[in-house]
Amino acid sequence: MEEVRLFDTATRSVKPLSASDGEALKFYACGPTVYGPAHIGNFRTFVVQDLLVRVWEAAGGKVDHVRNLTDVDDKTIRGAREAKLPLGDFTSKWAEIFIKDGKSLGLTPPMKQPKATDFVPQQIDLVERLVKAGHAYEADGSVYFRVKSFPGYGKLSRLDEREVKEGASGRADADEYAREQAADFVLWKAHKEEDGEVFWESPWGKGRPGWHLECSAMAMQIFGETIDLHGGGSDLIFPHHENEIAQSEAATGKPFVKHWFHVAHLLVENRKMSKSLGNLHTLKDVIRHGWDAFDLRLVLLSGHYRQPLNFSWDTMTAARHGRERLGRVRSKLEEAAKGKKAGAEEWGSFRGAWDALREDLETPKALAALYTAASTVEHKRKAGMSDEDAAKELAGLDHILEVFGVSALFEKQTEAPAEMKQLAKDREIARNAKDWTESDRLRDELALKGWEVRDGAGGWRLVRKPGTP
RNA sequence: GGCGGGGUAGCCAAGUGGUAAGGCACGGCUCUGCAAAAGCUGUAUUCGUCGGUUCGAUUCCGACCCUCGCCUCCA
59 MEEVRLFDTA TRSVKPLSAS DGEALKFYAC GPTVYGPAHI GNFRTFVVQD
109 LLVRVWEAAG GKVDHVRNLT DVDDKTIRGA REAKLPLGDF TSKWAEIFIK
159 DGKSLGLTPP MKQPKATDFV PQQIDLVERL VKAGHAYEAD GSVYFRVKSF
209 PGYGKLSRLD EREVKEGASG RADADEYARE QAADFVLWKA HKEEDGEVFW
259 ESPWGKGRPG WHLECSAMAM QIFGETIDLH GGGSDLIFPH HENEIAQSEA
309 ATGKPFVKHW FHVAHLLVEN RKMSKSLGNL HTLKDVIRHG WDAFDLRLVL
359 LSGHYRQPLN FSWDTMTAAR HGRERLGRVR SKLEEAAKGK KAGAEEWGSF
409 RGAWDALRED LETPKALAAL YTAASTVEHK RKAGMSDEDA AKELAGLDHI
459 LEVFGVSALF EKQTEAPAEM KQLAKDREIA RNAKDWTESD RLRDELALKG
509 WEVRDGAGGW RLVRKPGTP
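Numbered per this note's numbering, the first sequence spans residues 59 to 527.
Hint data in this document are derived by calculation from the structure and do not stem from the laboratory.
Everything numeric in this text was worked out from a predicted model, so none of it was measured.
Not one of these hints is a red herring.
List of simulated lysine-lysine pairs, DSS-like, C-alpha gap at most 25 angstroms:
id	residue 1	residue 2
1	Lys333	Lys158
2	Lys173	Lys316
3	Lys151	Lys333
4	Lys133	Lys250
5	Lys250	Lys173
6	Lys507	Lys492
With the sequences and hints as input, model every part of the structure.
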């Protein structure tokens with residue numbers, strides 16, 4: 059297979075990615091906590107992970123992709139209580155919405171999407187192993203990981219090079235549990251009043267697993283003690299992934315992860331998205347404003363994944379217009395190919411874009427190469443191109459669009475509602491009668507309702523106008 | 001305070017020790033009943049600031065300014 063290189067957070071260098079058993083890449087991704095709709099920033103991470111999977115497969119590799127669903131923690135418990143629903147019902151509902159949104163964004167379903175609550179026995183086992191080995195201790199019904207018992211602690215996030223500011227996050231002493239050291243983290247949480255019906259029996263009494271534990275337990279249960287690639291948002295580097303390494307390696311004595319993959323955050327108005335700033339968008343919001351989910355996917359891939367990306371409606375416009383142009387180039391190529399087909403492995407003039415993706419998922423470079431190639435091909439086509447060459451370029455374009463995960467966008471047409479079609483037909487009649495006042499009025503009415511009429515050689519067609527609620 | 005990213009045209013975003021990719025937006029022209037769409041075409045003497053190295057720096061070095069993120073349960 060072709061080489062795929064990817065930045066590794068642990069070594070801070072771009073390294074070739076490899077499947078340790080020579081078969082499938084064992085890729086575990088930290089998924090969402092299902093207590094509400096995921097926002098477009100959450101999806102940036104998942105879209106980038108999906109891109110990696112597609113790149114790996116297009117390079118000739120196989121991948122076993124696992125992405126968990128966190129369905130028990132403070133937020134899910136609180137949410138379920140407020141919704142007056144059993145925890146399982148509450149989280150299933152949000153998990154379904156997450157999966158549906160992911161599908162709209164072209165995310166390839168992972169091989170498995172394990173839920174934390176389905177792996178409680180494995181989590182308890184892991185805690186027991188750690189307690190036996192002296193890496194964890196029980197206090198007031200909770201179990202904590204003894205950070206000082208694990209010398210490698212802090213390697214991933216370079217904790218030794220940092221001075222932790224007292225209470226910088228305002229959460230340092232937010233929980234009431236009794237720890238030996240402030241750095242120790244909870245593996246198992248004793249049952250509290252507000253947890254209500256949510257608890258499992260354990261050697262330490264009623265309680266529930268701590269957040270960091272689930273990923274270690276599920277990843278090791280599904281893949282074994284060492285996984286090839288593990289990732290998530292950049293905010294998970296510390297403490298989540300640091301803690302995962304500690305609890306996994308302290309238990310097994312084996313390296314937990316060979317390659318770490320972290321995606322920088324999406325910003326809105328140059329700020330981290332948050333409810334309090336009122337700049338949090340969900341996929342539903344984006345679609346409600348008349349955009350296509352795939353336009354968002356392109357926006358989420360418009361910047362390099364290790365760089366914070368600033369979301370704005372302007373970038374959505376840019377993505378949509380650019381992609382419409384690609385669609386035109388594509389349909390003209392299709393015509394020029396006259397039904398001829400080239401192999402799916404073909405890259406044609408789009409090889410440069412592919413090479414950029416294999417080098418640490420350089421999407422900005424790849425997109426630039428893609429547009430440049432599209433212009434070159436279009437010029438060649440106009441100058442005269444054989445059916446075979448057109449078929450080859452078409453295959454190359456489809457191939458790169460498939461890797462970007464947006465090929466579906468070029469196959470579907472958004473149907474206009476019957477009401478809009480009728481207005482457009484009326485306008486056509488008015489135009490034929492040269493009743494310009496009436497035809498312009500109908501055009502305005504359509505615009506007001508969010509639809510744009512585009513006249514062409516073959517008559518009119520309707521396109522949804524973005525930015526209309 | 002510590003650590004880590006960023007500052008390149010109106011916006012997004014590549015890049016290199018030798019004089020700035022690409023996309024969007026914008027301007028002009030063609031087309032059009034007028035538009036939109038489509039097609040053709042043009043657009044940064046300049047790369048946060050100040051110094052230094054160099055024949056030459058946006059690219060190397062130093063200082064500074066601004067900005068974003070993380071700092072123990074946020075993708």
